[in-house]
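Undergrad: Starting from the structure of chain P, add chain X where the hints point.
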Amino acid sequence: MSFYGLVDGTEASLKSYLGKLSGVDQVGAEARASMLATRSIKTTSKRWAIDTAITMVDLTTLEGADTPGKVKALCTKAVRPDPTDTTVPSVGAVCVYNDMVSVARAHLDLIGGQHVPVAAVSTAFPSGRASMPVKIQDTQDAIDAGAAEIDMVIDRGAFLAGRYIDVFNEIVQIRQICGNKAHLKVIFETGELVTYDNVRKASFLAMAAGADFIKTSTGKVAPAATPPVVLVMLEAVRDFYEMTQVRIGVKPAGGIRNTKDAIKQLVLVNETVGPDWLNPKLFRIGASALLNDLLMQRMKMDDGYYTSPQYVTMD
Amino acid sequence: MSDRIDVKKTYKLYINGAFPRTESGRTYEVKNAKGVFIANPCLASRKDLRDAVVAARAAHSGWNKATAYNRGQILYRIAEMLEGRRGQFVEEIVSITGATKVKADKEVTEAIDRLVWYAGWTDKIASLAGSTNPVAGPFYNFTIPESMGVIAAIAPEAPSLLGLIDAVAPIITSGNTVVVLASTKAPLSAMTFAEVLATSDLPAGVINILTGKKDEIAPWMASHMDIDALDISGLSSEKHADIKVAGAENLKRIHSFKSADPGRIIAFMEAKTVWHPIGL
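So the sequences go chain by chain: P and X. Numbering (numbering that gives the first Met the number 0) for the first sequence: 0 to 314. Numbering (numbering that gives the first Met the number 0) for the second sequence: 0 to 279.
No wet-lab data here; the hints were simulated from the structure. In this text, a Cβ means the ideal position worked out from N, Cα and C, and glycines have one as well. Do not take every clue at face value.
[Claimed, not checked] Here are the simulated lysine-lysine pairs, DSS-like style, with alpha carbons at most 25 Å apart:
| no. | chain 1 | residue 1 | chain 2 | residue 2 |
| --- | --- | --- | --- | --- |
| 1 | P | K45 | X | K46 |
| 2 | P | K41 | X | K238 |
| 3 | P | K259 | X | K46 |
| 4 | P | K299 | X | K213 |
| 5 | X | K184 | X | K257 |
| 6 | X | K123 | X | K243 |
| 7 | P | K41 | X | K212 |
| 8 | P | K299 | X | K243 |
| 9 | X | K105 | X | K33 |
| 10 | P | K280 | P | K259 |
| 11 | X | K105 | P | K259 |
| 12 | X | K213 | X | K11 |
| 13 | P | K299 | X | K212 |
| 14 | X | K46 | P | K299 |
| 15 | X | K238 | X | K184 |
[Unchecked claim] Sample of chain P residues with no beta-carbon within 12 Å of chain X, all distances over it, derived:
| no. | residue |
| --- | --- |
| 16 | K71 |
| 17 | G156 |
| 18 | A157 |
| 19 | E234 |
Chain P on its own, in the form it takes in the complex (with noise of 0.2 Å):
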């Protein structure tokens, strides 16, 4: 593997690829991400942002208690979020655990959700603690399975004790595993890396590794996709960008609730690495109540009322 050309492989030059690394002020990142909160979104703008936003929700259910019955009603809504409006697009994929990979992909293909990819959180997600072999049999049964992306989450432990190289040596075998099957996100938990600096780190460390995605948190982890981090991992894949002419993309998930707090999103991108990353394969966002403040406000601009969460399906 040639990884961009930035390391051989060794630790030797993992150390110096992210030596290399300048580090981020802090200071400065969240008070750039607090000044681009308060652009104001309105009318036209409003509307595609909104459309935009849903096909780059994965709408995810990771809970113990999934049922079958619940992922295929969330594959429905999926495939149509709001069923009676034909307008309003399918999202950008299905996010669930490993064992309901089959069953979203058999129920979105009975009802023409072909177009949908169902996304597996992998590598004993979410905590990462498990021995190598059993994360790539996990990731490997998701692929069998017909999970078209797989969320893999680092291993914090190994990366906070500056172990780097086994962080990166895991996301590579992950990386080969997938081939050309799967798309590879990485999942970094910045909830746990606590500085900006690790965020950076973590960011270039991935996506030399060969991350299509970078990716903030599980979602079980508070603070998680923070305005300031995710402006980071937007900046190190602008930088990796000029560096490699390559594209990564990048996927904030937990704390996105509401359409308000979705579009602050899109405007760190636009900002950021600019347009051509407004695009469901480049940006995702990982929520699930999220979809219903979308379609809610959807509707106002449409009805020109306040809606009510009785209008929407529940999750």
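TA: Just chain X now, kept in the frame of chain P:
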């Protein structure tokens, strides 16, 4: 020593137990009967209404589940807190309406008594409006009145305090939550009442108070699909028809009242009829 600078109060909205400024950033001037400037309260927008409805909806489940005794205690507590700030209310009513101190004091007394009166109704209204229905079978059949959900109300222009109490108290007595638009000309007692609520053990979001223009907010209240019913007592009668048309989309119950009576509580309840086998 120079004279001390006046500490003027900023009159804000009361949404979800907090005192935010209006999202629109607008204010309007309130003048007293003689045309002297009194204050710059917030001119609430439709988005403030939207935020208030979200807060009221979230608060409904908890307030509805509270026991009738507990709701009564809290209503009584509001009366206690109001009593403690009687002087301030009298002063504000006098300054804005030009009423005599005696008359203003009478209004405050009535407002306090009215709250105590509604506090007493919380655990009695179900007996008044509910019933055990005769059936030809081995089971009981009960009709139980329940709260509706989120109710919006437009308080009358005057009396500003008593009218506000009469608008919100019957609604929350049965477990509903409320978004109320206060008197436009005399909103000061409403915002001071919000300070009373904030110290009354009333859960956040049960009463939300907006100040602004009726013609601007009322149509949004009527068309909002997440408001279950509307009290338009404070709206002039020639506007009632338009509001009722706008509220027809979600079959909103729209009422206006002339006096305080238990019917005002029952108007914002809906009947649920259930059966139960005898002997179990």
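Undergrad: Each hint: holds or not?
TA: These are the hints, each one checked on the structure:
1. P:K45 <-> X:K46: Judged against 25 Å, a Cα distance of about 16 Å means the pair holds.
2. P:K41 <-> X:K238: Not OK: K41 (chain P) and K238 (chain X) at ~31 Å, beyond 25 Å, violated.
3. P:K259 <-> X:K46: With a Cα-Cα distance of about 13 Å, the restraint between K259 (chain P) and K46 (chain X) holds, given a limit of 25 Å.
4. P:K299 <-> X:K213: OK: K299 (chain P) and K213 (chain X) at ~21 Å, within 25 Å.
5. X:K184 <-> X:K257: holds (20 Å)
6. X:K123 <-> X:K243: Not satisfied, since the Cα-Cα distance of roughly 31 Å exceeds 25 Å.
7. P:K41 <-> X:K212: holds (24 Å)
8. P:K299 <-> X:K243: Roughly 20 Å between the alpha carbons, so the hint for K299 (chain P) and K243 (chain X) holds.
9. X:K105 <-> X:K33: Holds, at roughly 22 Å.
10. P:K280 <-> P:K259: holds (22 Å)
11. X:K105 <-> P:K259: Violated, at about 47 Å.
12. X:K213 <-> X:K11: holds (17 Å)
13. P:K299 <-> X:K212: holds (22 Å)
14. X:K46 <-> P:K299: Roughly 12 Å between the alpha carbons, so the hint for K46 (chain X) and K299 (chain P) holds.
15. X:K238 <-> X:K184: Distance of about 18 Å is within 25 Å: holds.
16. K71: At roughly 28 Å from the nearest Cβ of chain X, K71 (chain P) sits farther out than 12 Å, so the non-interface label holds.
17. G156: holds (38 Å)
18. A157: Holds, since 41 Å exceeds 12 Å.
19. E234: The claim holds: E234 (chain P) sits with its nearest Cβ about 31 Å from chain X, beyond 12 Å.
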